Structures are given as structure tokens and as C-alpha cells.
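There are 2 protein chains.
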Amino acid sequence: MAAAQANAADVVVVGAGFAGLTTARELVAKGRSVIVLEARDRVGGRVLVQPIGDGQVVDVGGQWTGPGQDRILALAKAVGVESFPTYGAESQHVEYRSGELVTYSGPMPDTDPALLTEFVGAIQRLDEMAAEITTESPWTAPHAREWDAQTFQSWMDANLTSDGSKAFMRTVIEAVYAVEPHDLSLLYMLFYARAGGGILNLMGTEGGAQQDRFDGGAQLVALRVAEELGERVRLSAPVRRISQDTNGVRVEGDGFSYQGQRAIVTVPPALAGRIEYRPAMPALRDQLTQRTPMGSVIKVNAVYDEPFWRAEGMSGRAVSDTGPVKFTFDNSPRGGAPGVLVGFIEGGDARRYSSATEAERRQAVLGCFERYFGPRAAKPREYIERDWSAEEYSRGGYGAVFPAGTLVSCGAALREPVDRIHWAGTETATAFIGYMDGAVRSGERAAAEVLALLN
Amino acid sequence: MAAAQANAADVVVVGAGFAGLTTARELVAKGRSVIVLEARDRVGGRVLVQPIGDGQVVDVGGQWTGPGQDRILALAKAVGVESFPTYGAESQHVEYRSGELVTYSGPMPDTDPALLTEFVGAIQRLDEMAAEITTESPWTAPHAREWDAQTFQSWMDANLTSDGSKAFMRTVIEAVYAVEPHDLSLLYMLFYARAGGGILNLMGTEGGAQQDRFDGGAQLVALRVAEELGERVRLSAPVRRISQDTNGVRVEGDGFSYQGQRAIVTVPPALAGRIEYRPAMPALRDQLTQRTPMGSVIKVNAVYDEPFWRAEGMSGRAVSDTGPVKFTFDNSPRGGAPGVLVGFIEGGDARRYSSATEAERRQAVLGCFERYFGPRAAKPREYIERDWSAEEYSRGGYGAVFPAGTLVSCGAALREPVDRIHWAGTETATAFIGYMDGAVRSGERAAAEVLALLN
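Residue numbers (my numbering), protein chains in the order written: chain A, 1 to 455; chain B, 456 to 910.
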């Protein structure tokens with residue numbers, strides 16, 4: 001047991017992902033004492049790298065940033081981590097649809113102009129609808145109740161006519177939200193898209209949310225912030241109970257107990273609901289934590305001696321109507337060696353494949369890679385997979401999703417403090433929800449909220 | 456600490472509601488040793504009585520039973536608890552709609568024949584659809600994916616034309632499921648209705664699911680079973696962690712640890728997800744626990760010196776389109792004294808009113824009672840309320856609900872044991888899900904499942 005002094009701080013932060021690290025950094029900058037409790041033996045939350053030899057790493061969690069994501073970019077700059085463009089702006093991409101492989105360039109496959117017209121028209125209508133939403137309180141939008149009462153699938157069924165555009169929209173939802181179109185309400189779909197600058201921005205690479213990557217991996221930003229915070233960050237310390245009274249908070253786990261004036265819980269609502277609170281949470285806050293499941297994603301990286309697709313003028317990007325991997329990107333380190341392809345198994349595919357053996361998943365994934373990039377893609381020198389739903393302290397990704405009815409009935413509990421307990425995490429952001437940038441913004445907001453209340 | 460012997464049993468059961476008590480009773484009857492760990496300082500789970508003087512009690516939790524609910528009736532009989540009819544079969548009921556109060560007799564308000572015709576037609580269509588569902592695996596029904604991809608609200612919008620029939624259907628969904636029509640998928644609505652003998656059965660009193668009550672209150676059945684089990688039931692023992700290996704299970708909480716060959720967890724999925732497991736749960740099981748929130752219900756009882764409505768030929772039953780209390784019943788003890796009216800605040804109303812003060816709720820509730828039964832109803836000698844969403848160890852009621860997409864993607868994890876951990880609780884039943892009867896059935900099923908595997 002450390003000395004008594006070490007077990008007390010102005011603020012106790014739960015979780016050392018980007019939200020927790022940012023909020024701690026802001027508080028420390030204002031001269032406040034902070035303890036950050038992290039369940040895992042590492043920082044970064046849903047952001048993580050894995051070594052692939054020769055001092056290189058590959059991102060196996062959140063990794064991209066893009067225009068408008070100013071707060072993660074500012075944080076990265078502050079700790080000396082550079083970003084660089086995702087490879088392939090000038091190259092050809094592949095589309096696999098209805099059993100056929102075609103190449104295309106530019107932001108979207110254009111092999112079926114009628115499909116593209118219908119899809120883009122639908123996106124425009126959705127963006128117009130989203131424009132009436134304020135991201136601080138989407139539940140107050142004029143059509144909030146109507147849009148929250150239906151799944152996005154129901155909207156698709158009523159507003160898209162061709163099977164092709166429905167299939168493409170489904171792929172986009174899976175790629176952006178990591179769930180199926182029936183798993184989220186129309187209102188939540190619009191809210192999240194609006195917070196991220198529109199669905200086209202979230203889909204996009206050049207000029208969009210997949211535009212840039214971090215040199216050394218996105219986790220490097222978290223590692224550098226944690227280094228600044230030093231011993232304030234306590235790893236392998238899963239929080240089990242948070243008690244509060246009029247004097248302060250007590251945050252406990254197996255063999256530890258910390259006291260503070262206030263606590264900031266930065267884990268997603270579903271995980272926050274698994275902490276025991278004394279007194280127990282009010283009904284509405286607890287209902288929120290029951291009603292905001294995490295999306296499902298398995299991220300796979302295949303490492304090759306070189307990015308062989310580049311020599312053939314290919315970007316390494318694929319979009320496909322046939323899973324389990326429906327999206328790929330070139331994920332090679334900045335220097336271009338070794339070559340890395342990254343793919344995503346999402347939504348229903350992720351739920352199904354999480355029960356398969358690793359050998360079955362590997363075969364299915366490399367089957368997809370081979371289909372998109374030829375036989376060399378089937379024989380990586382290393383195969384790396386990360387099932388975020390199987391991770392005890394994430395239990396899914398990219399973030400929480402709001403099924404029909406939840407945003408209107410429980411959304412107000414997202415950021416509302418419960419006495420001395422405050423909430424952060426990318427799910428509580430009002431811009432770039434679900435992104436690293438949203439996490440950073442939420443940490444900044446929570447720090448400001450608490451600073452105004454500290455003795 | 457008790458002796459080592461007392462800390463080990465063949466089976467450790469989590470939860471002393473009807474599922475846990477039944478499964479323990481079955482195992483003991485087969486000569487097995489059992490320990491039942493209950494978080495609260497009482498047994499009964501979502502079934503509870505409260506004293507109202509003179510040795511009388513009133514049900515403040517689950518209370519009704521009816522035709523086909525054979526297993527709860529058999530259990531009650533086995534422990535000597537009698538049932539008796541809900542008062543009012545021969546009386547007049549009141550309907551409050553669009554600001555007007557009318558009386559009616561029989562199963563449903565018939566003041567608007569066109570509305571009734573449309574409503575009954577819709578119920579018939581829903582029952583026909585439900586007929587293709589097998590309650591053991593609703594996710595395999597021919598239309599499972601289509602029906603699970605939409606909310607019940609979307610089905611209503613597409614299939615009901617008049618505002619009146621939509622409003623009445625909404626009230627029925629609130630009354631039967633304790634949620635709003637957008638909170639559950641069409642598939643789950645049909646599955647639950649089918650498991651309960653059809654929506655008309657679940658709505659009904661005479662010949663339906665509200666037909667009978669238990670003399671002395673429904674919790675008396677649980678108390679009698681607990682008495683049989685004696686020291687096997689350990690109260691005030693919230694389970695925090697369940698570990699398992701090839702040799703057995705260890706079930707732990709603050710200051711206690713029990714070992715067994717197998718564990719049976721009987722709490723609802725959302726609460727089961729708050730237990731820590733070693734090893735952690737597989738992704739699909741965990742996703743299920745994230746995606747099955749509890750309904751929302753506040754149950755209110757008003758106690759009067761006598762059931763004054765009876766003398767006026769009234770049953771004490773009201774159905775209303777105006778909340779917060781949209782349904783009432785006569786809930787007087789078997790002998791008819793004192794008089795008790797019970798009302799329900801459900802779904803969205805319950806979520807909103809859970810944040811109000813008790814004085815605000817009381818005023819709103821008694822305002823409803825007065826509107827339905829006159830000025831005497833506004834002045835009870837006692838007012839009793841129970842917000843089940845605020846109860847830490849229930850966190851809602853009547854039971855879990857499945858939002859769109861959940862039943863097809865995660866339903867298979869409902870009953871599937873995870874090695875030595877088995878699942879019971881009314882949510883895992885295949886008949887009368889959400890009812891005491893379903894809980895008893897699930898306990899019987901889990902006991903049989905485990906008995907076949909014990910050394």
C-alpha cells in the first residue's frame with residue numbers, strides 16, 4: 001500500500017484512453033492533483049499498436065484522423081507525434097460486387113451510375129435531415145421522436161428502391177458504425193453523422209475521416225501523454241466501486257482505494273454500468289447504460305515483405321458486398337516497409353466470426369484479401385487480429401450505438417453529472433463521436449466542468 | 456467465516472427470485488447440495504409484498520397468474536399458497552379516452568366499434584405471424600430477420616390507420632411489456648406474445664394473464680420455498696465475480712467465496728453482465744447482456760378504508776390514454792378489506808417520473824385515480840410506490856426487452872451455458888417469458904440441465 005498521500009487527489013479519473021488522459025492532462029495543467037485508474041496494463045483504451053518487427057508497429061485499434069478533428073491533432077502535435085496521409089490517393093481501388101471485381105478511382109465506386117445516383121441522393125436527404133439536429137441535444141430536434149422510433153433499416157426500406165443501393169448503404173453503415181442498419185435508430189444515425197461532418201466525411205479518405213494516420217501509431221500519442229502524467233497513471237487497476245457523499249468520492253478496486261473531490265468516469269456507458277455505485281445510480285442514468293451497446297468489430301492486419309499492390313498501381317483499398325472483410329486499406333508504416341493490409345469484420349459478421357476459431361477466421365479473411373488483391377495476399381508473413389468485443393475492458397467498438405428509442409428517452413443522462421461523478425469518453429462528445437477526436441474533446445469538456453466546481 | 460464445508464456445494468445459484476428458488480428446490484429434491492446467493496436482504500426478486508396493517512399485505516411487484524401458467528400454480532400448491540380471482544368480473548370498468556370517461560363491461564372497451572374492429576384485426580394478424588415462431592428459437596423463424604430489423608412502432612405505423620387504434624395499441628404494449636412500441640422489435644413482440652398464449656391472453660383478466668392473485672401475496676410462495684431451503688439461502692450476498700476452470704466454479708462477493716461444480720445465474724441478462732467473469736465471457740454472450748435492457752415500471756398502490764368503488768358496481772379497473780397511470784386494478788386483499796387500487800406507470804412515463812419527486816408522483820398518480828374513480832380516490836389512507844428501475848438489483852421490470860436486431864444476432868446466447876455457468880431467469884423461458892411462471896419454468900429447466908452434468 002502506498003502512503004496515504006498517494007491515495008488522494010483532487011480528481012480521480014477512471015480509464016486511461018484518450019478521454020481520461022486528456023482530462024487528466026488538462027487538470028494537471030491547472031495545478032490540480034489527479035489519479036488515473038486504468039483496468040488494463042497499458043494506456044490507450046480502444047487505441048493500440050502491435051509490434052511487427054524491426055521497430056515497426058501496426059495499429060490494431062483506432063488509427064485515423066482527418067479534417068476538422070482538430071483536438072486530437074492538437075494533442076498529437078503537443079506531444080510531438082506527426083500525422084501522414086493514408087496511402088493511395090493517386091492509385092486505383094477495387095470494388096467487389098455481385099461476384100465481380102472492378103477497379104475505380106476517386107471517392108466512391110462508380111461502376112453503376114444509377115446506384116451511385118440513388119445513393120448520393122439518399123445521403124443528401126439524410127444530410128438535410130441531420131441539419132436540423134443540434135449535437136448538444138439531438139433529442140430536442142423537431143422530428144426527434146419520429147426518427148428515434150424507427151431503425152435506420154426501416155428508413156432504408158422506405159427510401160431506397162434498388163437492391164444495389166441498399167446493399168451499398170448497408171456496407172457504409174457497417175463500416176462507419178460497426179453495426180447493422182437495424183441496430184441503430186434513424187435519429188442516432190443522423191446525430192452521429194452530423195457530429196462527424198456528414199456521412200460522406202465519415203466515409204471518405206482524402207478530405208475525410210480516414211485521411212491521415214499517426215507516425216508510430218495512434219497509441220503513441222496516448223503513451224506520450226501518459227509519460228507526462230507519470231505516476232499519476234495507475235495500470236492494472238480495474239475500478240469496481242465508486243462511493244460518494246457530500247464530502248467527496250471514493251474509488252475502489254481489488255486492493256486499492258482512492259479518494260477525491262470528484263470522479264470522472266471515461267469508459268463507455270455499457271462499461272460504466274458495470275461499476276457499482278454508492279448510492280446507486282438514478283433510474284434514467286442506469287437505463288442509459290443498459291441501452292447503449294457497443295458496436296462489433298474485429299480488426300485484422302496482414303503483414304507482407306512489401307506492399308506489392310503499390311507496384312501494380314493499387315491503393316490497397318477494397319470495398320466489397322461480400323464478407324467477412326468488406327473494407328480494406330493499406331496500413332503499411334510511413335516508410336512503406338513492410339507492407340500491411342488492414343481489413344475490418346463488422347456488425348453481424350463480427351458477432352458471427354467471434355465464435356469461430358482463429359484458423360477459420362484467418363482462412364476467411366485471407367480469402368477476402370486474395371479475392372481483392374490476388375494470390376500474394378493469401379500468404380502474409382504475419383497475421384494479426386483483434387476482436388474488440390472479446391476485450392473485457394472495451395467489449396466492442398468503435399463505440400456505443402443507440403438502438404431505437406434510446407436517444408430520446410435516455411440521451412439527457414449522457415453527460416449529466418450525478419452529484420460528484422462526471423462523465424467523459426467519446427460517446428459523450430458533441431463532435432466526432434466515436435473517434436479519438438471526440439474522446440479528446442470529451443476529456444477537455446469534463447476537465448472544464450470539474451475545474452469550475454473544485455474547492 | 457463459516458466452516459469450509461459450508462462454503463462448497465454441488466451447485467451455486469445466483470439470485471433467490473422464483474428462478475433461483477425453483478432451481479435450488481429441484482436440485483435439493485434430487486439429493487444435491489446447493490447454495491443460493493441473494494444480493495438483497497429478502498427473497499422473491501421482482502416479486503414483493505408490503506404490509507398495510509392488520510396483518511394484511513399488498514403486492515408491489517409481480518402478482519398475477521392465469522390459465523396455462525401451470526408451473527407457478529403447481530409450485531404455489533406445493534407450498535400451500537392459494538390463488539383467488541382478481542375482483543371485478545361482474546362489474547363495470549372505466550375507460551378514459553380523449554378527455555372523456557365512459558364505462559364498459561367485458562374484456563375490452565367497446566365505445567368505438569371501428570377502433571375495436573381495427574385493433575382486433577391487427578391482433579389477429581399478429582397472432583398469425585406469431586404462429587410461425589417456435590419459442591425455443593425465434594431467431595430461426597422464416598421472417599425472423601425482416602421482423603427483427605424493425606421496431607414494433609414501425610409495424611404499427613405501416614399497419615394501423617386510425618390514431619385511436621394506434622393509441623390503444625401503444626397502451627397495450629406499455630401495459631404488457633412496460634416499454635414503448637419503438638423499444639422492442641416486431642420479432643420480440645411476437646415471440647413474447649406467442650410464449651404467453653397470444654397478446655389477448657396477456658392483456659386479459661378473466662381467462663387471461665391477470666385472472667388470479669395469490670392469497671397472502673405472490674411473494675409468500677417464494678418465502679415458503681426459501682423456508683424449505685433454510686440455510687442454503689444466503690441473503691445480503693451480492694455476487695461480484697464468478698471464476699471457473701476445468702474443476703469447478705468459484706462465486707465471490709465482498710467477504711465471501713463459495714465453490715461448486717457448476718453455477719446457475721438467474722438474474723436478468725443486463726444484471727448478469729455486471730458480474731465479473733474469469734475467464735471473461737465470450738463476445739456474443741457479452742453482447743447479449745449489453746443489448747437486453749429492462750423495461751421501466753413504477754407500481755403504485757393506494758389503500759382506502761374500503762373498496763368504495765365496489766358498492767357503485769365498479770371493478771376498480773381503468774384503461775386510459777392519459778398517464779402517468781394508464782391501467783388500474785382492484786388490488787384489495789382476498790377478504791375485501793382494506794380497499795386497494797393498484798396502478799402502473801410504464802415505459803416512457805416511468806422513465807420521466809423516476810426523476811420527479813415523490814410528492815410530484817403522488818399528486819400525478821392520485822390525479823389519475825380521482826379522474827377514474829371520483830374524489831374519494833384522491834384521499835387514500837396510505838400511498839405506496841415502487842420504482843423497479845431504481846432498484847439496484849432489478850434495474851427495471853417486468854423483464855428484459857429486446858430492441859431491434861438483438862434477438863436474431865444474440866438470442867442464441869440466452870440459454871447456452873458457458874462451460875460450467877448456466878443461465879436461468881424468466882428471460883430464458885420458452886413459455887410465459889417475463890412472468891413468474893416463466894421464471895419457475897426456467898429454474899426447472901436449468902436444474903435438469905445441470906443434473907445431467909453433475910459428478
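Just so you know, these hints were derived from the structure itself, not from any lab. Treat the hints with care, since some could be wrong.
As the list claims (entries may be wrong) - In the SDA-like style, the derived pairs of lysine to any residue whose C-alpha atoms are separated by at most 25 Å in a straight line are: (1) B:K621 / A:N159; (2) A:K166 / B:E601; (3) B:K621 / A:M156; (4) B:K532 / B:V512; (5) B:K621 / B:E840.
As the structure is a computational prediction, the values presented were derived from the model and not from experiment.
Quiz item: Quick one, are K166 (chain A) and E601 (chain B) close enough, alpha carbons at most 25 Å?
Solution: Answer holds: K166 (chain A) to E601 (chain B) is near 14 Å, not above 25 Å.
Check: Holds or violated: are the alpha carbons of K532 (chain B) and V512 (chain B) at most 25 Å from each other?
Finding: Given pair K532 (chain B), V512 (chain B) holds - Cα atoms ~20 Å apart, limit 25 Å.
ask   = Taking only the CA atoms, is the gap from K621 (chain B) to M156 (chain A) under or equal to 25 Å?
value = 23 Å, holds
field: 25 Å limit on alpha-carbon distance, applied to hinted pair K621 (chain B) and E840 (chain B)
entry: Roughly 29 Å between the alpha carbons, so the hint for K621 (chain B) and E840 (chain B) is violated.
- Within a Cα-Cα threshold of 25 Å, do K621 (chain B) and N159 (chain A) meet the stated pairing? 23 Å, holds
The structure is inconsistent with hint 5 alone, although it conforms to all the rest.
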